[in-house]
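Visitor: With chain A held as given, fit chains B, C, D and E with the ligands onto it using these hints.
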Amino acid sequence: MTATDMTTSGKTAPDYEYALEIVDLTIDVDKHGERVPAVKNLTIRVRPGESHGLVGESGSGKSLTLRAVMGLFSKGAHYRSGSIKVCGKEVLGPSAPNYDPVIRGKGVSMVFQEPAVALNPIMKVGWQIVDALREQEHLSRADARARAIELMESVGITNPEDRFDSYPFELSGGMRQRVMIAAAIACKPKVLLCDEPTTALDVTIQQQILDIFRSIADSGTALLYVTHDLAVVSQLCGTLSVIYHGRIVEEGTLRDVFDTPKDSYTRQLLSSTPYLKGVMKAAKTGDDNGGVDNSVDNSDGNADSGRKGA
Amino acid sequence: MSGSKWLYIGKRLLLLIPTVWGCATLTFFLLKLTPGDPAVQALGPKASKQALEALRESWGLNDPLWQQYLRFLGDLCTGNLGTSYSAKAPVVELIATRLPVTLIIMVLAAVFAVIIALPLSVWVATSGSRVVTEFVRILNAVAQGWPTFFLGAILLQIFAIQLGWFPIGSVSGGVDVAALILPSFAVAVSIAPIIIRSLTQSLQDSVNSEYVNFGRAKGLSGRAVLFNYALRNGSISAVSVLGIQVGFLVGGTLVVENVFAVPGLGQLLMDSVMKRDLPVVQTLTVVFGIIVVLVYLITDLVYGALDPRAAKRG
Amino acid sequence: MSETKIPVAQANKDYAKIKLTGSKPRRRKRIGAELVIGCVMLSLIALLIIAAPLLTPYDPTHQSLREAMLGSSSAHPLGTDQYGRDIWARLLYGGRIDLFVAVMAVFTPLVIGTILGAIAGYFDGAVPTVIMRLADLVSSFPFYVLVIVLVFVLGNGGMSIFIAISAVSWVPYTRISRGETLILRDREFIASCKASGFTDGWVLFRHVIPNIASQGIVYAMSDIVVNLGIIVTLSYFGLGIVPPTPDWGQMMNDGQQFLAAGVYSLTVIPTIVIILISLALSFIGDGLANVLKVRR
Amino acid sequence: MATWNDMIETAEAKAEQTGNEGRIVNPFGESSQPQPHQTRLLDVRGLNIEFVTRQHGRKTRFTAVKHADLHVDLGEIVGLVGESGSGKSTISRAVVGLNDNYTGTIEFDGHELGRKRTREQWREIQMVFQDPYASLDPRLTVRKMLREVILYHKVVMVTQADEYCEYLMNLVELPVEMLDALPAEMSGGQRQRVAIARALAVRPWLLIADEPTAALDVSVQAGIINLLMDLNKRLDLSILFISHDLNIVRSICERTYVIYHGDLVEEGPTEQVFSHPANAYTRRLIDAIPKLSSAYVERLAAGTNDVEHDEEQA
Amino acid sequence: GSHSTAADTQDLVVARSLETTDMLPATGYSNGDIWAIQQVYQTLTRNKADGSGVEPGLAESWDESADQLSWTFHLRHGVKFHNGTEMTSKDVKFSIDFARTARDDKPWQFLFEAISGVDVIDDYTVRIDLSEPWAPLLSDLSMSAISIMPADFAGMSETAFRSNPIGTGPYKVGEWKKGDYIKFVRNNDYWEKGKPKLNSVTFKYVSDANTRSQMVQSGQAQIDEFPTAVSVSALNKTKNVHVASFPSTSLIWVNLNNRKKPLDDVHVRRALAYAIDKQAIVRAVYYGQAESANSMLSKNLMGYSKDVKDLRYSMEKAKEELAKSNAPKHFSLTIQVQSGDPEKAMLAQILQESWKDLGVDVTLQTLDSTTVYSNRTSGDFDVAMFEMTNDISDPDEWMQYMFSSSANVNSGYANPQVDDLIKKAAADSDRDTRLRYYAQVQQIIADDAPEIPLVYKPGLFAVRDQVKDFSVTTLGEYKLADTTIAQE
Ligand SMILES: Nc1ncnc2c1ncn2[C@@H]1O[C@H](COP(=O)(O)OP(=O)(O)OP(=O)(O)O)[C@@H](O)[C@H]1O
Ligand SMILES: Nc1ncnc2c1ncn2[C@@H]1O[C@H](COP(=O)(O)OP(=O)(O)OP(=O)(O)O)[C@@H](O)[C@H]1O
Ligand SMILES: [Mg+2]
Ligand SMILES: [Mg+2]
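Residue numbers (my numbering), protein chains in the order written: chain A, 2 to 311; chain B, 26 to 339; chain C, 209 to 504; chain D, 75 to 388; chain E, 50 to 537.
Only chain A is shown next, with the shape it has when bound in the complex (with noise of 0.2 angstroms):
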């Protein structure tokens, strides 16, 4: 893995603390004809070269908080209070109202949990990296293409200079999420946000992706890492909040949390994990119980629908 041309200015001493600051974020959503809110309060300060996870059910507001990172808000849902801030500058706060697209690229980027949509279908897959090179680094087309082809080399493509002219539909998940992670550093950010960016991939596969993100965070970059998978966590991040119905329930180091959980959310989180092989076996010999909760397994929105039903 070739980490080291990533992120060299990560290394010069910057003038901020964190690379990414979000605090009190309150969003709203669409529900119903309501506003609701679905992301409240929630605050997540990442310094530059760490690996923050970012843990919860589906539904939590994860996906909402990286989306409003990156100003990428789609229909129904609206930014209604806090502050974001990448670099120390702030995107997103009462100072800048109207999110500032010109952080994107180089300040803060993003990679997706689908990388079959989230790629231009028809755009073969080296112009999506030099695209973005193009324009924010404004290299000429043949620099561009050489840097894409190098990229793609570090995020482990075989035969760049081939895959570059394929179109997305002709790799493979695991090809196309390094696609995506490729062009998502081309331009450097200081921040990398990942949604979920192994859940759709093979074990194996997720292993080798994982190792580029260690070394992306090694680089200088900072990383916060959204997904439901504890142990994604436990192999890559070194701090985590858990986010529960919009809200962080709990946040520390990894062991901290990890060790000794202090919210019941986090712990029923980590009991749940299915690698409870002792108690596995007793639940296959023991007898059962009929008192089972009936519905354990509920998104919010159940949640909210029986909340209202209430």
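Please note that a few of the clues may not be correct.
Simulated crosslink set (DMTMM-like; lysine to aspartate or glutamate; CA at most 25 angstroms straight-line) [to be verified]:
| # | chain 1 | residue 1 | chain 2 | residue 2 |
| --- | --- | --- | --- | --- |
| 1 | E | Lys139 | E | Glu113 |
| 2 | B | Lys71 | E | Glu181 |
| 3 | E | Lys373 | E | Asp313 |
| 4 | D | Lys133 | A | Glu171 |
| 5 | C | Lys501 | B | Glu235 |
| 6 | D | Lys133 | C | Glu275 |
| 7 | E | Lys378 | E | Asp429 |
| 8 | E | Lys405 | E | Glu436 |
| 9 | A | Lys41 | A | Glu197 |
| 10 | A | Lys125 | B | Glu159 |
| 11 | D | Lys140 | C | Asp394 |
| 12 | E | Lys378 | E | Asp406 |
It is worth saying that the hints were derived from the structure and are not from the lab.
Guide: Relative to the frame of chain A, chains B, C, D and E with the ligands by itself:
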């Protein structure tokens, strides 16, 4: 273009054979079903019964239907398209002078339709404003409800009479493109609503798509994202809609040709049906069939060029 | 009793209990403003048309040549046409046949086309090929030749127009429905239906068609206006609805000869109605698209 | 309306009476449907599945499953693991009858399954699909969905259908009220339970679960897996459990097959496969499993977790 | 606009409602053909402008033999065909023989059946022999169908000649785009000295009436053939444009199928005729630009009698007549109308409404013109509407065509008395006697009402004021040899 592409084109062109046969057969029997005697048309209302009978005999109209059909198929295969009953000139000649007119109207109409539809669709898809959406909706409704002959009359009144920018029914030798601009525009207006609808839809989809988001996340400017991401993707599905519309236009420009006094194939078709000019109608339907197949082929090729996935789907 | 299950997130529990009042949940499908506006507009127009006898004392076919081409007055709110017929009465009565033909000529091809397309998309083999070749053939056959010739064969009038349009316009529905079916066929629920042992016909009619119908229905809304346009065009060539049955196409075309004389109202009045219908259907189409959009 | 608890109690009471220990007894009584005779419920031998794909008009043959031998015994949970595209779903689709284009034999309960299956044969093997968001008809409420399959296979009488639906809901631990919910109104886990309920509605002997939890949250996965284990035990249901999540397979399966590029490269008792993988690929797969190190989890596993109670009381 | 050049170049554009499809004189039958043929070809005799008779054309003079069976024509000297060769007797013989000999595609051949032979006396003298005395001969010879062509088509095949006509007329065919326009250019060797004055005349085919008017309004064309009656006042108000009205032989009439019940009953036919308010039609359909018709013979033709008493509108009389008939109380009729003809469609609707009060249930059936004419020939109709213009100044053609029991117009009406009168009139060379016979026929027809005349229409033309000396003869021939275009 790769070899397989040519193979594909070749295969598609082979489709012409059943299409031509189907079109011709359908027309043949449909026209045979219609009442009305081509001989009366050819000789006029004053002709004597004997003359009519003699003419029918010499045209073979008294033969059993299957014989007529076989003879017709034979002629078609040998490329013998016959002589017009009414114009008494070779059918090929009649069609050849009008074909360019129709083709130019089709192409211009397609271009105008895109020129009309593209900005409006982009406007609706990107502005997200209710007012814009409703404004364009009203434009669409007006364009759809406005009868073509009326639109034609108004266009002529304004652009030909008041402003004098375009000729009406030019009589210059060759094809006077200036005289085809208003008719093409009228055609474009009539097909634009459908294109606007589909283009807006697909643009909205692509503007809200994840790849556009990713494009922005990479730091691309709004313009770059709009053109290279949203528009290119969004226009893919509109291409086939446009193709189908243009295909439909072949022979569907009757009113426009009448109103603007341009001698196109649509008018010839209408006249020939009215006159029971079998050889002309039959050849025309065959020509239309060929044009439509070609338009669809071009559409698919453009589609394929725009969308690399198309090749894979086959 | 000892806990032997895999422990699960208990905190979820509070939110997880779904309280549904009554036996049926209130499934508030959000009917958008568009659908409401469109339906109100269309119902108003329909109401006017249905209640025509109450809204005008005139017989729409009654001529009174001595009162031709009158301007608007209290007796004739929209004036009279060249036969001295009351335009308001003709406008009201004129919608009956036009809308009926236009709607029927959408409904029939919608049903036929959707079923054919579903068959073509669902199965492999000869039948789909035949269907699609036929669709190709019909769509490469000049539409107006078919319509005009059919009108000649069948005699002009609403029935012929209906048959002629139907004979042609099933094609887009077939294409739409086939495309949707091809997508749907790859979705797992079709596989899961088959795995339940359902026969192909069962799956096709109970699962495939209901799920793909919405696209065609939405398309059909704009097709109604297209059909009205065809009726107008046929009237232009004198092949429309047979007089004296009042219809909008004939009205517009009756007005056509007056355009040269600078009298536009005869054409404009029915045109406005068609534009309003087009607008209403556009609202309904968009609204339906939203409502019918199957939520995943 | 009988609550779940009442239902279970009566069921258990019945079970005790009949000595049918550990099995949930259908409140409608065992139907006339025959029970399996063989312990070897499913026996797949020499299963070979080829796909012919067309690329740019050229046919290429691709063997997705190569001479697979695989069996499932009565009441057994068998795992099938392998990376994406290795052929897991292909095998399952062939077994369940969705793909009849294979060579080799698939025997079920001692009888070979033909290419055209009888309604009864369809009933015996049921499948739960990977993506609960795509495997339910989005237009049907749970009740309609269940009734359809119940009545189609004539599992109970029409008059009993609703009651039977409630029984099924209880079986999969869903509130009865949810019978009138649409898939869109349910979470992924709930949908997957509905899918399971539908599969169980026809009282199959073998359930094929093709990555039933892959699309679900970790916290939700546990519930589904519990349910499957539960059903296995209560209904003597054999399960072929397909997954690429080795952790889950390790937790619940007695026996495991490992598939790699269409080859079944390893087979054996789960523990043995995981602790002493014979095949290099299996080893690689196991190594790639992300390890979670949490003292809390360890304590939990060891049963020495008392922190929780403290907290809850606090 | 681009229209200021018409005066400089003397190029006239006529927007025409009909297309020119066939310029072979013997076979072209529609007005679109005939009026174009008349620019290029000429005939031995020429119709006088007012339609009252014939005057010398290519024949300077003629003599009739005593037995009335042989006519000698003296040809004009020095007349050149467009290809430069001089016109002589052999060309005349060729042309007449071509037109009269039986051929399956010659619609006019019936007109010349009385001719039994054509003899060349010398280069400038031709004798025509008749099988029976035939008064209309001179008029017949003015028919475009018997125009003089170069012998043997000047060496071309008939097909080639059809597309490259050669005549002696003031204009020759310059450019001909079938279905679009035909452009005539000046024949510099024309025998009438100083004519024609225009460089070129273009007949542009524009089927839409609005567009034709607009072309004249915009100066794109200088003449619009047949503007709609309703647009006349608007056109007259347009600057530099006026509407010229020329007398014509046009008659709009209703054809009844006298063979079908209950139309076979004269009382029913009379009732239907009485029920039509022609005055109202003149106002509502023609805005006064037409005249109600009293006779089935065109007003501007020789033989027309203004004394013919028609069945004037009277609902009482109509009902009385119907009461006299044995028609059922209610019966239904179908009116066949040609598609694409708004004027007739409007008339048909008016008839429909007019007859409703008689208890007649009228259905309109729109058919293409081919079918309408086929049905007329085969008798497959109840009621149909037609417009008729005559091509020659003699009424014989009209009489034969419309009223004789062997008529082409199939109304199924057969009256030996009428047949006899027509025959006698054709054979008689005394003008007054002929007129008397024809007046009698007209009154019989008016009373028996086998057909119902509606209106006489003038020839309306929207003309730009700059066009000078443009006129149209009663028989529809465009007099373009004298026409000039002035600066606007
Ligand atoms: N544009 C939107 N309009 C309305 N509601 C929204 C919108 N975007 C998100 N939401 C709602 O906000 C909540 C949080 O969504 P978010 O996408 O952030 O969840 P997530 O944590 O990323 O879940 P997952 O793990 O499934 O990706 C959800 O309940 C979702 O329904
Ligand atoms: N209908 C088909 N036509 C052609 N190839 C197919 C078809 N179905 C599956 N394949 C191919 O067969 C191989 C095995 O596919 P299969 O779906 O069985 O994999 P899988 O192990 O279930 O993977 P996943 O974990 O992604 O579901 C893949 O390479 C796939 O591309
Ligand atoms: Mg998310
Ligand atoms: Mg699979």
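Visitor: Now look at each hint and say whether the structure bears it out.
Guide: Against the structure, the hints:
no.	hint	verdict
1	Lys139/E to Glu113/E	holds, 20 angstroms
2	Lys71/B to Glu181/E	holds, 22 angstroms
3	Lys373/E to Asp313/E	holds, 13 angstroms
4	Lys133/D to Glu171/A	holds, 18 angstroms
5	Lys501/C to Glu235/B	holds, 20 angstroms
6	Lys133/D to Glu275/C	violated, 77 angstroms
7	Lys378/E to Asp429/E	holds, 24 angstroms
8	Lys405/E to Glu436/E	holds, 24 angstroms
9	Lys41/A to Glu197/A	holds, 21 angstroms
10	Lys125/A to Glu159/B	violated, 37 angstroms
11	Lys140/D to Asp394/C	holds, 24 angstroms
12	Lys378/E to Asp406/E	holds, 11 angstroms
The structure fails hints 6 and 10 (numbered hints given earlier, in ascending order).
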